[in-house]
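J.: Sequence:
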Amino acid sequence: MHHRQWQTALLLFLVVPATIQAQAAPDHAQRTDSIPNAGWRHLAVGAAVLAATFLVDAPIANVFESPHSAAAASAANTFDKFGEMTGIGVVVGGLGIASMVTRNHHVLLATIRTAASVALATGVTQVLKYVVGRERPYVDPDRDALDFHLFKGTPSGTPSFPSGHSSTAFALATSLGDAIDKDWARVALFGLAAGTGWARLQQQQHWVTD
Numbered sequence: 001m002h003h004r005q006w007q008t009a010l011l012l013f014l015v016v017p018a019t020i021q022a023q024a025a026p027d028h029a030q031r032t033d034s035i036p037n038a039g040w041r042h043l044a045v046g047a048a049v050l051a052a053t054f055l056v057d058a059p060i061a062n063v064f065e066s067p068h069s070a071a072a073a074s075a076a077n078t079f080d081k082f083g084e085m086t087g088i089g090v091v092v093g094g095l096g097i098a099s100m101v102t103r104n105h106h107v108l109l110a111t112i113r114t115a116a117s118v119a120l121a122t123g124v125t126q127v128l129k130y131v132v133g134r135e136r137p138y139v140d141p142d143r144d145a146l147d148f149h150l151f152k153g154t155p156s157g158t159p160s161f162p163s164g165h166s167s168t169a170f171a172l173a174t175s176l177g178d179a180i181d182k183d184w185a186r187v188a189l190f191g192l193a194a195g196t197g198w199a200r201l202q203q204q205q206h207w208v209t210d
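Under the numbering used here, the letters of the sequence shown match residues 1 to 210, in that order.
To be clear, the hints were calculated from the coordinates, so they are not data collected in a lab.
Fair warning: this is a prediction, and the values are worked out from it, not measured in the lab.
Don't take each hint at face value.
Restraint ranges, calculated between C-beta atoms of paired labels, are given here [to be verified]:
| hint | residue 1 | residue 2 | range |
| --- | --- | --- | --- |
| 1 | Trp40 | Thr122 | 22 to 32 Å |
| 2 | Asp144 | Leu109 | 38 to 48 Å |
| 3 | Trp40 | Gly89 | 45 to 55 Å |
| 4 | Gly123 | Gly157 | 13 to 23 Å |
| 5 | Val56 | Phe190 | 14 to 24 Å |
| 6 | Gly39 | Val124 | 12 to 22 Å |
| 7 | His68 | Arg41 | 34 to 44 Å |
| 8 | His105 | Pro59 | 45 to 55 Å |
| 9 | Ile97 | Pro141 | 45 to 55 Å |
| 10 | Ala44 | Ile97 | 35 to 45 Å |
| 11 | Leu109 | Phe190 | 18 to 28 Å |
| 12 | Thr102 | Leu150 | 40 to 50 Å |
Ideal Cβ placement from N, Cα and C applies to all residues, glycine included.
Using the sequences provided together with the hints, build the complete structure.
T.: This is the structure:
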């Protein structure tokens with residue numbers, strides 16, 4: 001599927017259900033976030049899982065370094081678009097246009113929340129990339145996943161941790177999943193976001209802990 005066709009399909013799949021669901025919601029409806037506020041215990045568990053996953057960074061990167069099929073490469077290129085700003089811009093822009101056409105308050109709120117989530121994820125990711133300064137797999141000469149340049153970025157100029165594609169993809173999935181408020185939509189959206197993470201590994205752009 002060509003890039004423009006892919007963007008159109010993504011626009012229809014993500015924006016139309018969000019618009020319909022938002023229009024159907026009554027003005028007094030109170031939405032509940034799908035993800036609760038994280039406490040210190042949640043952060044500690046997340047940090048522990050991240051630290052443990054460092055042990056498999058290099059072995060997994062070596063697996064993805066092996067030759068892969070044309071079908072896998074094509075799938076990775078498709079999933080990768082879900083985390084790119086061009087694809088995300090189509091979705092957010094489509095929601096914005098839908099909010100103006102329908103003049104629906106809930107569609108407008110969904111647009112603002114989605115845009116804010118993606119912007120926040122992007123900002124935090126870029127700061128962490130500079131602070132951590134981790135080299136990407138294809139740049140790391142010994143592929144040990146341990147090349148860090150704290151508070152310096154990286155000599156290559158493309159820091160790895162965390163993955164910008166993955167963070168924005170999951171921010172988009174979470175915001176739209178809450179807007180559509182249907183289990184099938186959340187499964188599909190988080191599936192696309194997880195596919196984006198896999199694509200970044202497949203393309204040897206990131207370590208699994210990224």
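J.: May I ask you to test the hint 12 to 22 Å on the CB atoms belonging to Gly39 and Val124?
T.: holds (19 Å)
J.: For the range 45 to 55 Å, tell me whether the beta carbons of Trp40 and Gly89 fit it or not.
T.: violated (36 Å)
J.: Per the hint of 22 to 32 Å, is the separation of the Cβ atoms of Trp40 and Thr122 within bounds?
T.: holds (26 Å)
J.: I want to verify a distance hint. Is the separation of the beta carbons of Leu109 and Phe190 within 18 to 28 Å?
T.: holds (21 Å)
J.: Does the hinted range 45 to 55 Å hold for Ile97 and Pro141 at CB?
T.: For Pro141 against Ile97, whose Cβ atoms are near 47 Å apart, the range 45 to 55 Å holds.
J.: Go ahead and decide if the range 14 to 24 Å is satisfied by the Cβ distance of Val56 to Phe190.
T.: holds (22 Å)
J.: Are Thr102 and Leu150 spaced within 40 to 50 Å by their CB atoms?
T.: holds (48 Å)
J.: Range hint 38 to 48 Å: satisfied by the CB atoms of Asp144 and Leu109?
T.: holds (46 Å)
J.: Would you say the C-beta atoms of Ala44 and Ile97 sit inside 35 to 45 Å of each other?
T.: holds (43 Å)
J.: Please check whether His105 and Pro59 have a Cβ separation lying inside 45 to 55 Å.
T.: holds (50 Å)
J.: The hint says 34 to 44 Å between His68 and Arg41; measuring C-beta to C-beta, is that right?
T.: holds (39 Å)
J.: Take a look at whether the Cβ-Cβ distance between Gly123 and Gly157 falls inside 13 to 23 Å.
T.: Check passed, 19 Å falls within 13 to 23 Å.
Figure legend: structure checked against the earlier numbered hints; the only hint not met is number 3.
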